[in-house]
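J.: Residue strings, one per chain:
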Amino acid sequence: MNDMTPTAAERAAKLEGLGCKRKRVEDIRFVQGKGNYVDDLKLPGMLYGDLVRSPHGHARITRLDTTKAAAVPGVVAVLTADVLKTVNLAWMPTLAGDVQMVLADGKVLFQNQEVAFVVAESREAAADAVELVEVEYEPLPVNVDPLKAMAPNAPVIREDIKDKTDGAHGKRKHYNHVFSWQAGDKAAADAAFEKADVKIREFIVYPRVHPCPLETCQCVASFDKIEGELTLWGTFQAPHVIRTVGSLISKIPEHKIHVIAPDIGGGFGNKVGAYSGYICAIVASIVTGRPVKWTEDRIENLSTTAFARDFHMDVEIACTKDGKVTGLRCYTIADHGAFDACANATKWPAGLFSIISGSYDFPAAYCLVDGVYTNKAPGGVAYRCSFRVTEAAYCIERAMDIMAQKLGMDPAEFRMKNLIRREQFPYTSAFGWQYDSGDYQTALKKAMEATNYTKLRDEQKAKREAFKRGETRELMGIGVAFFTEIVGAGPSRACDILGIAMFDSAEIRIHPTGSGICRLGTKSQGQGHETTYAQIIATELGLPADNITVEEGNTDTAPYGLGTYGSRSTPVSGAATAMACRKIKAKAQMIAAYMLEVHDDDLEWDVDRFRVKGNPERSKTMTELAWAAYHEVPPGMEPGLEAINYYDPPNFTFPYGAYICVVDIDVDTGMAKVRRFFALDDCGTRINPMIIEGQIHGGLTEAFGIAMGQEIHYDPDGNVTTASFMDYFLPTAVETPHWETDWTEVPSPHHPIGAKGVGESPNVGGVPCFSNAVNDAFSFLGSTHIQMPHDHWRVWTAAENLGLHQ
Amino acid sequence: MIPGSFEYHRPSSVQEALGLLAKWGDDGRAIAGGHSLIPMMKLRLAKPAHLVDLRDIADLKGIRADGNDIVIGAMTTQYELIGSNLLVSKIPILRETSLQVADPQVRYVGTLGGNVANGDPGNDMPAVMMCLGATYHVMGKAGERRVAAREFYQGAYFTALEAGDLLTAVRIPMPPAGHGYAYEKLKRKIGDYATAAAAVVLTMSGGKVASCSIGLTNVAETPLWAEEAAKILNGSSLDAATVKRAVAAAEAITAPAADARGPAAYRTKMAGVMLTRALARAKSKAHG
Ligand SMILES: Cc1cc2nc3c(=O)[nH]c(=O)nc-3n(C[C@H](O)[C@H](O)[C@H](O)COP(=O)(O)OP(=O)(O)OC[C@H]3O[C@@H](n4cnc5c(N)ncnc54)[C@H](O)[C@@H]3O)c2cc1C
Chain A
1 MNDMTPTAAE RAAKLEGLGC KRKRVEDIRF VQGKGNYVDD LKLPGMLYGD
51 LVRSPHGHAR ITRLDTTKAA AVPGVVAVLT ADVLKTVNLA WMPTLAGDVQ
101 MVLADGKVLF QNQEVAFVVA ESREAAADAV ELVEVEYEPL PVNVDPLKAM
151 APNAPVIRED IKDKTDGAHG KRKHYNHVFS WQAGDKAAAD AAFEKADVKI
201 REFIVYPRVH PCPLETCQCV ASFDKIEGEL TLWGTFQAPH VIRTVGSLIS
251 KIPEHKIHVI APDIGGGFGN KVGAYSGYIC AIVASIVTGR PVKWTEDRIE
301 NLSTTAFARD FHMDVEIACT KDGKVTGLRC YTIADHGAFD ACANATKWPA
351 GLFSIISGSY DFPAAYCLVD GVYTNKAPGG VAYRCSFRVT EAAYCIERAM
401 DIMAQKLGMD PAEFRMKNLI RREQFPYTSA FGWQYDSGDY QTALKKAMEA
451 TNYTKLRDEQ KAKREAFKRG ETRELMGIGV AFFTEIVGAG PSRACDILGI
501 AMFDSAEIRI HPTGSGICRL GTKSQGQGHE TTYAQIIATE LGLPADNITV
551 EEGNTDTAPY GLGTYGSRST PVSGAATAMA CRKIKAKAQM IAAYMLEVHD
601 DDLEWDVDRF RVKGNPERSK TMTELAWAAY HEVPPGMEPG LEAINYYDPP
651 NFTFPYGAYI CVVDIDVDTG MAKVRRFFAL DDCGTRINPM IIEGQIHGGL
701 TEAFGIAMGQ EIHYDPDGNV TTASFMDYFL PTAVETPHWE TDWTEVPSPH
751 HPIGAKGVGE SPNVGGVPCF SNAVNDAFSF LGSTHIQMPH DHWRVWTAAE
801 NLGLHQ
Chain B
1 MIPGSFEYHR PSSVQEALGL LAKWGDDGRA IAGGHSLIPM MKLRLAKPAH
51 LVDLRDIADL KGIRADGNDI VIGAMTTQYE LIGSNLLVSK IPILRETSLQ
101 VADPQVRYVG TLGGNVANGD PGNDMPAVMM CLGATYHVMG KAGERRVAAR
151 EFYQGAYFTA LEAGDLLTAV RIPMPPAGHG YAYEKLKRKI GDYATAAAAV
201 VLTMSGGKVA SCSIGLTNVA ETPLWAEEAA KILNGSSLDA ATVKRAVAAA
251 EAITAPAADA RGPAAYRTKM AGVMLTRALA RAKSKAHG
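These protein sequence lines are chains A and B, in that order.
When we follow the numbering used here, the leftmost residue of the first sequence carries the number 1, and every step to the right adds one.
When we follow the numbering used here, the leftmost residue of the second sequence carries the number 1, and every step to the right adds one.
Worth flagging that the hints you see were computed from the coordinates, not collected in a lab.
Treat each hint with caution, since some may be false.
[Claimed, not checked] In silico DSS-like links for lysine-lysine, alpha-carbon gap of 25 Å or less: (1) A:K324 / A:K446; (2) A:K42 / B:K42; (3) B:K189 / A:K468; (4) A:K673 / B:K189; (5) B:K244 / B:K42.
All figures in this text were calculated on a predicted structure; none of them were measured in a lab.
Please construct the entire structure, taking both the sequences and the accompanying hints into account.
T.: What follows is the structure, given as structure tokens:
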């Protein structure tokens, strides 16, 4: 080779493949305001839908009169449950095996429930008419407290299934009971508690919160009466699932439904489910023969579509006196609101909650979850976490701190002692999960060193002394959290949605000139898929990432997939992408062998080309091979260069991380200021470090919001009091702390490129870390647990209860 | 989140605006920066059929000294209050307060007149105006009248303004040179109304409080002037025991609502904490 030939490293760098901090290609349009969102869509003759909603938390509808609304100029139709009944759509199935009212049928079960759908020539006319739909309500007793849902005389939430003793997940214990779900070995766990030297028990609430993406849920439905075809544009994290469910519900054949998810402004789980607004828009389009747009406003988004969490966890840990955990038990009440519309893999009504033994070597563990109905909005989605993993991580990380406190051990030291050790992987947890890989101790050690942990503890000690002497009114808290996620749902033996296995897909076509297109069953909502999938292809095929178009969201062109949530895109579709590339590469190798007149096995891969072993001058680049694939394929070989892969992962992946946080608390106002936050993540192979960092920053900011101020709150009358950003705490750049990030890199052994998924780690690990920091500030005064959110008044109340305001 | 329909008017003089408001009566409404009114219209809590936009009325703009007073036109934005050298040198508490109102985007359009006329106990300027002893210039059917800020607020969204009145200017007596001041506001985030806030303006003489005035924000249906608390402090050195008594007197006149910021008892306590801190900071700034 002469000096002008670029080195392998130079050629690799040009590809902008794995490990490259490639700038996000989608940002070119986003930062210029040129994204194409659902609300940008305007079709000729399009109508606008708006919903009449219930002011009551629980009430019987005694009269519903749409005459005045229908008379408003511009109003074309008003749908009610009675209208929907004529097409058998007053109720719809949920992903969780329940049914849900599309429009209130006889009664309303939560505030802001959908009661009628007005369709008009303009949004303004629709909004005017909404006010004129006359509804009379007869209020019913309300229950918004999940702990009271199964009381003998609790208000009956679901009259439709009041007498049903069997639910979608087995026997029901009470008319407000949804399901019971258990995991682990109860006898073994009970035995561990009998023998334990030390035990703790705490009631830990993860409040109801909301994913609140900046773009709310919306859709445009357009039914072509002549062809009998429905096109549905919408904010869908899982477009194919919407198509299939849409077909099952509407009886329109699936090939006559076209679902298109254009650019999405954040999803975080909010945009997985099927909502009343979608069904109403579809029916309205069928009825009117015109396209119908439905756009949710902020209040509607926060108060009706897809809340998250609302887990009430009674947790216990058993331990030896020298600090080795021996058992875990947890009993949880899960508030599902009025309908069980949570988006879980169908067999898992409490999701993957049994990851609750966390990162620790628990020999015995057991958990039981009871789902209940209340007069609150339905949902229970996985808000930036794999199904219910955040709740589990929060619970175990709080409980570990409480045990450390009881033992008089440092929380980091206590974790270090109980973390699953490197040599134990693959590790089977007491709940039966197979953790594939990890080096936990190294991660925690690195985080402790980076933050100078022992020095922080010394400083805290000095500050506590000063506080006791009355020299300061500030308390310092140090939060430690070590989390293990379980993502990449999932192996078909474990996961399906309504019977559809949770595989995912990639279809790659390489064009003659060496560029190509990759279509996938996932759907980016801001994660940067157009950038990262192309990087996988760049490294696998030796073609520059810039030469690859990544396309998602159109069910007519994309291969079937289950969508993007639960950090599954990289673990599942990322794997499918690599596998499809490998099929293409194998074919390219045969073409190269033919062209170079050698045997396939005499070739070796060199960054972007195949070369003859021992004779590197003789080579064919992937670009040359692409041309050849359409031009001079070996005799008998099909021309073309494309492949599709449906990837059914052999296991979940298990990203983990060690987070440390320092807060300073003003005891007199209750204000907790985050002084420092350090996040070390291991997501396996790092595809694009810059995107990873962005994901971590975003997720930590969400975690900060959740831990420090968020709660979707209902008053006892069933009024939701936090339905706007004036009341629901959404941090801005001003409140958001500075984030320090770091990483280790233990690749997943079963994933084709070793990647584990990262989007959700910071939300999962961040919440317990903030909460542990706030709790740690007060622990020396004997306080074991303060409930989230740690907003000013609640922290102040904790201080008040400890007598700190005398 | 879509307001009802309305007609939009943009007069260029106070007289023209008054004429329009008189014509439309209860159906008409003045709009200044719109950052309190428009959110209420979007929720359809306010449904004016006619909006009279004041932005083109040059007479309602500007900040000027008038003898011992400073007169600020109603349409002066909160952003302009922050940038005024005259205010910074004469009544610096206005800059300090403005910087704590809402967020920069709101402050670019939100006006002082709108802030004090709105009647929302969450607005920050009214308590500061009560603290400073400001007077509002009001133009109505019967010509101009002047109403003391301390007399202006009657209930939530209920003020001395009558239908068709325009607030044209705010007149503030300049506090003596060397006065100390502070506006302490507890809030959850930028753009949030106060959990509780306290405005203090005081003068010191020989280590003792010579004069003192206190306003409280968002801890009752109206902004509060804590007259009794200030009286307790007069003549004191702001020693801990006296401050404690004054704070108790201030807390006693609060009657906050419970909301997402916290229960009523907490917000009362926070009024006390904000006052304690404002007093300490005002004292540290006072000369004499
Ligand atoms: C996100 C957000 C956060 C905010 N946070 C704060 C905060 O922390 N502190 C705070 O003080 N404010 C806050 N505000 C309110 C903001 O400061 C408003 O701009 C201000 O309250 C009203 O001023 P305006 O010019 O926008 O008035 P408008 O909204 O136009 O009018 C308000 C009311 O006053 C009447 N009005 C206006 N001008 C006159 C006049 N000259 N004569 C008679 N009546 C008049 C109107 O008819 C209307 O009833 C916030 C607003 C928003 C949107």
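J.: Hey, K244 of chain B versus K42 of chain B, does the alpha-carbon distance stay inside 25 Å?
T.: Outside the cut-off at roughly 44 Å; violated.
J.: Measure nothing beyond the straight line between the CA atoms of K42 of chain A and K42 of chain B; if it is 25 Å or shorter, mark the hint as holding.
T.: 23 Å, holds
J.: Need the status of pair K189 of chain B, K468 of chain A: alpha-carbon distance at most 25 Å?
T.: At roughly 30 Å apart (the allowed maximum being 25 Å), K468 of chain A and K189 of chain B break the hint.
J.: For K673 of chain A and K189 of chain B, compute the direct alpha-carbon distance and say whether it is at most 25 Å.
T.: 12 Å, holds
J.: Next pair to validate is K324 of chain A with K446 of chain A; report whether the Cα-Cα distance is within 25 Å.
T.: Answer holds: K324 of chain A to K446 of chain A is near 22 Å, not above 25 Å.
Figure legend: structure checked against the earlier numbered hints; hints not met, in rising order: 3, 5.
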